[in-house]
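Chains A and B are the protein sequences, given in the same order.
Letter by letter, the first sequence follows residues 35 to 170 in the working numbering.
Letter by letter, the second sequence follows residues 35 to 170 in the working numbering.
It should be emphasised that the hints constitute simulated quantities derived from the structure, not laboratory data.
Among the hints, erroneous ones may be present.
A pair holds if it fits inside one copy or across any two, identical chains being indistinguishable in the list.
[To be verified] Pairs of lysine to any residue residues, derived as SDA-like cross-links and limited to a Cα-Cα distance of at most 20 Å, are as follows:
1. 46 with 89
2. 46 with 70
3. 46 with 92
4. 46 with 115
5. 46 with 131
6. 46 with 132
7. 46 with 78
8. 46 with 117
9. 46 with 73
10. 46 with 90
11. 46 with 142
12. 46 with 36
13. 46 with 143
14. 46 with 141
15. 46 with 147
16. 46 with 116
17. 46 with 80
18. 46 with 144
19. 46 with 77
This one's a predicted model, so the numbers in the text were calculated from it and none came from an experiment.
Okay, here's what each chain looks like letter by letter:
Number of protein chains: 2
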Amino acid sequence: MSLNPEIAARLKRNQDGLVCAVAQQRGTGEVLMLAWMNDEALERTLATRRGTYYSRSRQRLWVKGETSGHTQRVHEVRLDCDGDTVLLIVDQVGAACHTGDHTCFDADLLLADGPDGADQLDAAHKPDGAPTPADA
Amino acid sequence: MSLNPEIAARLKRNQDGLVCAVAQQRGTGEVLMLAWMNDEALERTLATRRGTYYSRSRQRLWVKGETSGHTQRVHEVRLDCDGDTVLLIVDQVGAACHTGDHTCFDADLLLADGPDGADQLDAAHKPDGAPTPADA
Numbered sequence: 035m036s037l038n039p040e041i042a043a044r045l046k047r048n049q050d051g052l053v054c055a056v057a058q059q060r061g062t063g064e065v066l067m068l069a070w071m072n073d074e075a076l077e078r079t080l081a082t083r084r085g086t087y088y089s090r091s092r093q094r095l096w097v098k099g100e101t102s103g104h105t106q107r108v109h110e111v112r113l114d115c116d117g118d119t120v121l122l123i124v125d126q127v128g129a130a131c132h133t134g135d136h137t138c139f140d141a142d143l144l145l146a147d148g149p150d151g152a153d154q155l156d157a158a159h160k161p162d163g164a165p166t167p168a169d170a
Numbered sequence: 035m036s037l038n039p040e041i042a043a044r045l046k047r048n049q050d051g052l053v054c055a056v057a058q059q060r061g062t063g064e065v066l067m068l069a070w071m072n073d074e075a076l077e078r079t080l081a082t083r084r085g086t087y088y089s090r091s092r093q094r095l096w097v098k099g100e101t102s103g104h105t106q107r108v109h110e111v112r113l114d115c116d117g118d119t120v121l122l123i124v125d126q127v128g129a130a131c132h133t134g135d136h137t138c139f140d141a142d143l144l145l146a147d148g149p150d151g152a153d154q155l156d157a158a159h160k161p162d163g164a165p166t167p168a169d170a
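Isolated chain A (complex conformation) (with noise of 0.2 Å):
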């Protein structure tokens, strides 16, 4: 089998001949990890609805939980409006991370609201870096 012609026309592959693929928990909508397709890799994951990827390291399809067991069932399938996109919504088996966490974006964050819901850098940043009127 090889992808519809009419879908692959849309696609805008980077140099690469890859598009990016962005894997939703259905339900939660969490973002659980951000992968890689080339036309097979999505030409698959449409006919067997099980999330496949390809792997830039190991330059080779996989199927997501192959080894692991954590496979995703895809529910869904977007393009985007540039064609370099699509957006999955799947029903993730376990972990979505390979490090064990449930999705990718776990472990390290950047930038958070503060403990009231405030923007934490809004005084930080403020030019002067005097103090809010709350402060004083």
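Given the coordinates of chain A, work out where chain B should sit on it, guided by the hints.
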């Protein structure tokens, strides 16, 4: 200002010096768009909490909404396990997509569940194309 060296050391940039950036709507969890960041775009995003990206076509920074008014207030930024993608939790003003769509993934559905929630392709992809018992 330059990017915090401890963050910069964790980034795994592509050959153009960029990482992927996925923007997700706070609250609803909708995936809005995928764009790219260089170190300066990430530093500006963290410092200003305005979604700021690197345009590969224009080869310069762009603040999301600088012309359209469709800005992004950034509440959270997370780096993924291999350092090549950031996830931004944002409040999107207006449409995220340059087409006017709410998200960049609204217009082109490649695969969906059936109207009853069943997988539409299951029957179509049975190896021999035979009807399922339910069809018989």
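Structure-based check of all given hints:
no.: 1; hint: 46 with 89; in the structure: both (18 Å within a copy, 16 Å between copies)
no.: 2; hint: 46 with 70; in the structure: both (13 Å within a copy, 15 Å between copies)
no.: 3; hint: 46 with 92; in the structure: between (22 Å within a copy, 17 Å between copies)
no.: 4; hint: 46 with 115; in the structure: within (10 Å within a copy, 26 Å between copies)
no.: 5; hint: 46 with 131; in the structure: between (27 Å within a copy, 17 Å between copies)
no.: 6; hint: 46 with 132; in the structure: between (28 Å within a copy, 17 Å between copies)
no.: 7; hint: 46 with 78; in the structure: within (18 Å within a copy, 28 Å between copies)
no.: 8; hint: 46 with 117; in the structure: within (5 Å within a copy, 24 Å between copies)
no.: 9; hint: 46 with 73; in the structure: within (11 Å within a copy, 25 Å between copies)
no.: 10; hint: 46 with 90; in the structure: both (17 Å within a copy, 14 Å between copies)
no.: 11; hint: 46 with 142; in the structure: between (30 Å within a copy, 14 Å between copies)
no.: 12; hint: 46 with 36; in the structure: within (17 Å within a copy, 32 Å between copies)
no.: 13; hint: 46 with 143; in the structure: between (31 Å within a copy, 16 Å between copies)
no.: 14; hint: 46 with 141; in the structure: between (31 Å within a copy, 16 Å between copies)
no.: 15; hint: 46 with 147; in the structure: neither (36 Å within a copy, 25 Å between copies)
no.: 16; hint: 46 with 116; in the structure: within (7 Å within a copy, 24 Å between copies)
no.: 17; hint: 46 with 80; in the structure: within (18 Å within a copy, 30 Å between copies)
no.: 18; hint: 46 with 144; in the structure: between (30 Å within a copy, 15 Å between copies)
no.: 19; hint: 46 with 77; in the structure: within (15 Å within a copy, 28 Å between copies)
The structure is inconsistent with hint 15 alone, although it conforms to all the rest.
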